[in-house]
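> Those protein sequence lines, which keep their order, are chains V and W.
Sequential numbering from 1 applies to the first sequence in my numbering.
Sequential numbering from 1 applies to the second sequence in my numbering.
It is possible that part of the hints are untrue.
Simulated coverage check for chain V against chain W, where a stretch passes if three residues somewhere in it have a Cβ under 8 Å from a Cβ of chain W [unchecked claim]:
no., region
1, 31 to 45
2, 49 to 60
3, 123 to 131
4, 172 to 181
5, 184 to 196
To be clear, the hints were calculated from the coordinates, so they are not data collected in a lab.
We put the CB at the ideal spot given by N, CA and C, even for glycine.
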Amino acid sequence: MKTVSLTIDGKKITARPGEKLLRVALENSIYIPNLCAIRDKPEPSASCRLCFVEIEGGEEPVTACTIDVTEGMVVNTRGEKALALVRAGFELLMASHALDCAHCPANGNCELQKIARHLKASLKTKRLRLLLRELPIDDSNPLFTYDPNKCVLCGRCVWVCRQNIKSGVFGFAHRGFERVMTTFADEPIGADRCLDCSQCVEVCPTGALSFKEGKRPSTEDG
Amino acid sequence: MKVIKQTTAAAAFHEIKERAESHWRELWHDKPVIMVGTATCGRAAGAPDVLQAFRDEVKKRKLDCPVIEVGCMGHCYAEPIVIISKPGYPPICYGYVNPVIAERLVKEFILGDNPCPEFVIGALEANDLLPSFDDFPRAQHEQKIILKNCGHIDPTEIEHYIAGGGYNALAKTLGTKPEDIVEEVKRSGLRGRGGAGFPVGRKWQYCREAPGRTKYIICNADEGDPGAFMDRSILESDPHSVIEGMIIAGYAIGARYGYIYIRAEYPLAVERIQIALKQAKKLNLLGNHILGSSFNFDIILFHGSGAFVCGEATALAASIEGKPGTPRPKPPRMTAAGLFGKPTVVNNVKTLAFIPLIIRNGTEWFTGTGTKNSPGTAVFALAGKIVNTGLVEVPMGTTLRQIIFEVGSGIPKGKKFKAVQIGGPSGGCLPESALDLPVDFDSLQEVGAIMGSGGMVVLDEDDCMVEIARYFLEFTQRESCGKCTFCRLGTKQMLEVLNDFTMGKGAMEDIDSLERLAGEVKAGSLCGLGQTAPNPILTTLRYFRDEYEAHIELGKCPALMCQHLIAYYILPDKCERSCDACVGSCTVEAISPNKKRIKVIDQTQCVKCGTCLAACPPQYNAIVKLSPPSEVPAK
Numbered sequence: 001m002k003t004v005s006l007t008i009d010g011k012k013i014t015a016r017p018g019e020k021l022l023r024v025a026l027e028n029s030i031y032i033p034n035l036c037a038i039r040d041k042p043e044p045s046a047s048c049r050l051c052f053v054e055i056e057g058g059e060e061p062v063t064a065c066t067i068d069v070t071e072g073m074v075v076n077t078r079g080e081k082a083l084a085l086v087r088a089g090f091e092l093l094m095a096s097h098a099l100d101c102a103h104c105p106a107n108g109n110c111e112l113q114k115i116a117r118h119l120k121a122s123l124k125t126k127r128l129r130l131l132l133r134e135l136p137i138d139d140s141n142p143l144f145t146y147d148p149n150k151c152v153l154c155g156r157c158v159w160v161c162r163q164n165i166k167s168g169v170f171g172f173a174h175r176g177f178e179r180v181m182t183t184f185a186d187e188p189i190g191a192d193r194c195l196d197c198s199q200c201v202e203v204c205p206t207g208a209l210s211f212k213e214g215k216r217p218s219t220e221d222g
Numbered sequence: 001m002k003v004i005k006q007t008t009a010a011a012a013f014h015e016i017k018e019r020a021e022s023h024w025r026e027l028w029h030d031k032p033v034i035m036v037g038t039a040t041c042g043r044a045a046g047a048p049d050v051l052q053a054f055r056d057e058v059k060k061r062k063l064d065c066p067v068i069e070v071g072c073m074g075h076c077y078a079e080p081i082v083i084i085s086k087p088g089y090p091p092i093c094y095g096y097v098n099p100v101i102a103e104r105l106v107k108e109f110i111l112g113d114n115p116c117p118e119f120v121i122g123a124l125e126a127n128d129l130l131p132s133f134d135d136f137p138r139a140q141h142e143q144k145i146i147l148k149n150c151g152h153i154d155p156t157e158i159e160h161y162i163a164g165g166g167y168n169a170l171a172k173t174l175g176t177k178p179e180d181i182v183e184e185v186k187r188s189g190l191r192g193r194g195g196a197g198f199p200v201g202r203k204w205q206y207c208r209e210a211p212g213r214t215k216y217i218i219c220n221a222d223e224g225d226p227g228a229f230m231d232r233s234i235l236e237s238d239p240h241s242v243i244e245g246m247i248i249a250g251y252a253i254g255a256r257y258g259y260i261y262i263r264a265e266y267p268l269a270v271e272r273i274q275i276a277l278k279q280a281k282k283l284n285l286l287g288n289h290i291l292g293s294s295f296n297f298d299i300i301l302f303h304g305s306g307a308f309v310c311g312e313a314t315a316l317a318a319s320i321e322g323k324p325g326t327p328r329p330k331p332p333r334m335t336a337a338g339l340f341g342k343p344t345v346v347n348n349v350k351t352l353a354f355i356p357l358i359i360r361n362g363t364e365w366f367t368g369t370g371t372k373n374s375p376g377t378a379v380f381a382l383a384g385k386i387v388n389t390g391l392v393e394v395p396m397g398t399t400l401r402q403i404i405f406e407v408g409s410g411i412p413k414g415k416k417f418k419a420v421q422i423g424g425p426s427g428g429c430l431p432e433s434a435l436d437l438p439v440d441f442d443s444l445q446e447v448g449a450i451m452g453s454g455g456m457v458v459l460d461e462d463d464c465m466v467e468i469a470r471y472f473l474e475f476t477q478r479e480s481c482g483k484c485t486f487c488r489l490g491t492k493q494m495l496e497v498l499n500d501f502t503m504g505k506g507a508m509e510d511i512d513s514l515e516r517l518a519g520e521v522k523a524g525s526l527c528g529l530g531q532t533a534p535n536p537i538l539t540t541l542r543y544f545r546d547e548y549e550a551h552i553e554l555g556k557c558p559a560l561m562c563q564h565l566i567a568y569y570i571l572p573d574k575c576e577r578s579c580d581a582c583v584g585s586c587t588v589e590a591i592s593p594n595k596k597r598i599k600v601i602d603q604t605q606c607v608k609c610g611t612c613l614a615a616c617p618p619q620y621n622a623i624v625k626l627s628p629p630s631e632v633p634a635k
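All chains, please: the whole structure from these sequences, using the hints.
Structure follows, in C-alpha cells:
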C-alpha cells in the first residue's frame with residue numbers, strides 16, 4: 001500500500017496518505033492536546049482548538065485534526081506560536097470549567113489534567129476571569145450523572161449517541177456562551193429515550209458525564 | 001468572447017424583448033407617470049399612505065396617469081421618495097412626501113403646470129428649470145452600475161427589467177460555451193462583494209472543474225451586519241438582476257439548481273423575489289430548456305432563520321441541509337464539497353448583480369472603473385451620524401472622505417467626525433487620519449478593517465469608541481454559534497472586560513491582556529466570525545487607545561456616552577427661574593428647584609436617561625453632561 005513519510009518533532013513516521021495529522025501523531029505516541037477528536041468520525045469537528053501545531057513552510061499554526069499528512073511534511077508540535085494558541089484555548093476552557101478535582105469522579109482520569117501536565121500549565125487560569133454558569137446537574141439517569149458545568153462541549157457524547165446507538169438523546173442547544181450539551185427540550189436524560197448504554201460516559205474526556213457510585217461497568221463485572 | 005452561433009435562445013429572447021419594450025413604451029407614452037419608492041426604507045417612512053393618496057387622487061380626478069411602485073434609489077434620508085415623469089418636463093424626484101404633498105402634486109403638477117419646486121430634491125436629467133442630481137457634489141463620485149435600476153423600475157414587473165436591457169446577458173450566455181463565460185468573469189477581475197473579495201471567476205472555475213455532475217450555486221442573501229442594507233435594497237428594488245446573475249452562474253459552473261438563502265426578516269425582499277421567480281419561469285427564463293436551449297435551471301428560495309453565522313458559507317450550507325447552522329473546518333472548500341457534499345459556489349447578492357452587466361458590456365467596460373486589483377464599484381450603506389443616510393455606489397478607489405463628506409454630505413448638527421466603522425462586526429473603526437484612504441479590498445485590510453459587505457457607520461464626537469467596541473462584541477458574542485472554544489469563550493471574556501471598561505473599572509494592564517486575547521481569538525477561531533470578531537477591539541485600540549486609558553485611569557468617558565461615567569448637571573447661572581421644563585420631564589422626580597428657584601438634580605436619584613437635557617429649552621441650554629461624575633460641584 002502507498003505510504004507517505006513525514007517528520008513529527010524530529011521523529012520519522014510513515015502513514016497512509018489522507019490520514020489526519022493528529023491521528024498519525026497519536027498513533028505514534030506523540031501526544032497533541034485534543035478534546036473533540038473522535039477516531040471513527042470522518043470529518044473533524046475542529047471545535048476544541050487545542051491541537052495547533054506548526055508545519056514547516058506554513059506561516060500560522062494549524063489544527064492537526066484537519067490536516068491531511070503529506071509526503072515530506074515536517075511538523076513541530078512544540079512550536080512557540082502553536083503552543084501559545086493551545087495554552088490560550090486551554091485557559092479559556094478552564095476559565096469556564098467548574099474546577100473541583102478533589103471531588104470530581106474524573107480525577108486522575110481527566111483529559112484536562114492530562115493537557116495541563118503536557119503544557120505544564122496550571123488548571124487555574126490567572127489571566128482570564130472565571131466565568132461559570134452554574135447550570136443544574138442532571139442525575140435522572142440511573143447509571144450516570146451529567147454536570148454541564150464541567151462540560152467542554154467537545155461533542156463526543158453527541159456523536160457516539162447518534163452514531164452507535166442511533167438514538168440521538170444528546171444535542172447542542174443555544175448560541176455563543178450559552179451553548180450547552182443537552183437533550184431535546186431539556187428533558188431529563190433519565191426519561192425514556194435514553195437506552196442506558198452509557199457509551200457517552202465512556203467517551204467523555206472530563207467529569208461532565210460520570211458514573212454514579214458503584215455503577216461503573218468494569219467495577220460491576222469485577 | 002466567442003459566440004458560437006445565432007442560437008434559438010437569441011431568437012426566443014428577441015420576441016420577449018420586443019414585447020417588454022413595447023409594454024415599457026406604452027407606459028410612458030404621452031402621459032405622466034408617478035413612481036412611489038416602496039422599498040423597506042420608504043415603507044418605514046410612510047410610503048404606503050403616500051401611494052394610496054396618489055392613487056385616490058388620480059382616481060378621483062379620473063386621470064390617465066399610472067401610479068407605480070418602485071424600489072429604493074438610495075436617498076433613504078429623504079423617504080418617502082416619489083418620482084414624477086411628465087411629458088415636457090424632466091423626471092423630477094420629490095423627497096419627504098406625505099399624503100398632503102401627494103394631493104398637491106397631483107393638483108398642481110399633474111393637472112396644472114407647477115412642478116412644486118419646494119418639494120423637489122432634484123431632477124433626474126439636466127434642464128433649465130430645476131437643479132438636477134448631476135449638479136450635486138455627490139454626482140461627481142457616484143457611479144451607479146448595479147444600483148442603476150433601483151428606484152427607477154417596478155421590481156414586480158419583469159418587462160421593466162427586460163426593457164432596460166435585462167436578460168440580454170442570459171440570451172448571450174446561452175449561445176456561448178460555459179468555459180468561456182467563466183473565462184470572461186475571470187478576465188473581468190470581479191471580486192466577491194460579500195466581504196473577503198475572493199476572485200469570482202476563479203471560484204467558478206474551481207467549481208466547474210470539480211469532479212461530479214451535481215453542482216450548486218447559492219446566492220448569499222443572509223445580510224446581517226448591523227447598519228447594512230445593501231443586499232436588501234437590491235433584492236427589493238431589482239430582483240431580476242440577481243436572478244439573471246444566478247442563472248448565468250449556474251450555466252457557467254454546470255449547476256441544475258440554485259438556492260437563494262435569504263433572511264426571513266426581509267419579508268418584502270422575499271415577496272419580490274418570489275414574484276420575480278414566477279415571472280422568469282413564465283417567460284421560460286428559468287426552468288426546463290431555458291429559451292429553447294438544452295439548459296435547465298431552477299432556483300429555490302430558502303429562508304434563513306436569523307442566525308448571523310449562517311452568512312458563513314459552510315454554516316449556510318449546513319442550514320440548507322437541515323442541520324444546525326454551524327461552520328465546519330475548511331478544506332474541503334465549498335467548491336470541492338459544499339452543499340450536500342457537492343461542489344458549490346456561494347456568491348453574495350451584489351456579486352451576482354454584477355454578472356449580467358459584465359457579460360452584456362464586456363470586461364473592458366467593467367475594468368474601466370475602480371482600481372487595478374479591485375475593479376468595478378463598491379456599494380455602501382451609509383448609516384449613523386451622517387446627513388445623507390442611504391445607499392451609495394462609487395468606483396473602488398474613492399476615498400472615505402469623498403464618500404462621507406461629499407456623497408454623504410458629512411456629519412449632521414455641525415458635529416465633529418470621529419471615526420467610521422466599516423465592514424460591520426468583522427470590520428474596524430477608522431479615524432480621521434484614514435479618511436484619505438482610497439477604498440478597495442486591499443487598502444482596507446492594511447489599516448485593520450475589511451471591506452465587508454458594505455456597511456459604513458459614521459461616528460461623531462458624541463460616540464465613545466470603547467462603547468462601540470463593546471457594542472460589536474456584544475453582537476458577535478450573541479451571534480457566535482458557540483461551537484469553537486475561542487469564539488464561544490474568547491468573545492465572552494473580551495466582552496466582560498469591555499463591560500468593565502465602560503463602567504470605569506479595570507486596570508491599565510487589562511488593556512494589554514485584552515489586546516493579547518483579541519489576537520489569540522483572531523488566530524485560534526474556527527471560522528470567519530471568530531477570526532474577525534476582535535477587529536473592532538483591535539482597531540479602536542490602535543487608533544483610540546487614549547479613550548480606553550481615560551476610562552480606566554480617570555474614570556472618564558471623553559465622549560460623554562458611557563452611562564456609568566457621566567452625570568447630568570444644571571448650570572446655575574444658565575438655569576431660568578421661571579422655567580420648569582426639566583422638572584416635568586424627569587421620569588424619576590430627581591429634579592427640584594432650590595430656594596432661588598434654580599433647578600438642581602439629585603444625583604442619588606438620577607437614572608441618567610437624558611430626558612431633561614432634551615427638555616431644557618435651547619435658549620437656556622442649561623443642562624450639561626459631566627465626566628467623571630465627580631466633576632459635579634458640591635453644593
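> Indicate, hint by hint, whether the structure satisfies it.
Quick rundown of the hints versus the structure:
Figure legend: the region 31 to 45 of chain V, annotated as covered by chain W; annotation consistent (3 residues with Cβ-Cβ distances under 8 Å, at least 3 required). Closer than 8 Å: that is the beta-carbon criterion, and the region 49 to 60 of chain V has 4 residues meeting it against chain W, so the requirement of 3 holds. A stretch counts as covered by a chain when three or more of its residues have a beta carbon under 8 Å from one of that chain; for the region 123 to 131 of chain V and chain W the count is 4, and the coverage holds. Beta-carbon proximity to chain W at under 8 Å applies to 7 residues in the region 172 to 181 of chain V; the threshold of 3 is reached and the given coverage holds.
For a cut-off of 8 Å, the count of residues in the region 184 to 196 of chain V with a CB near a CB of chain W stands at 0, and the three-residue condition is violated.
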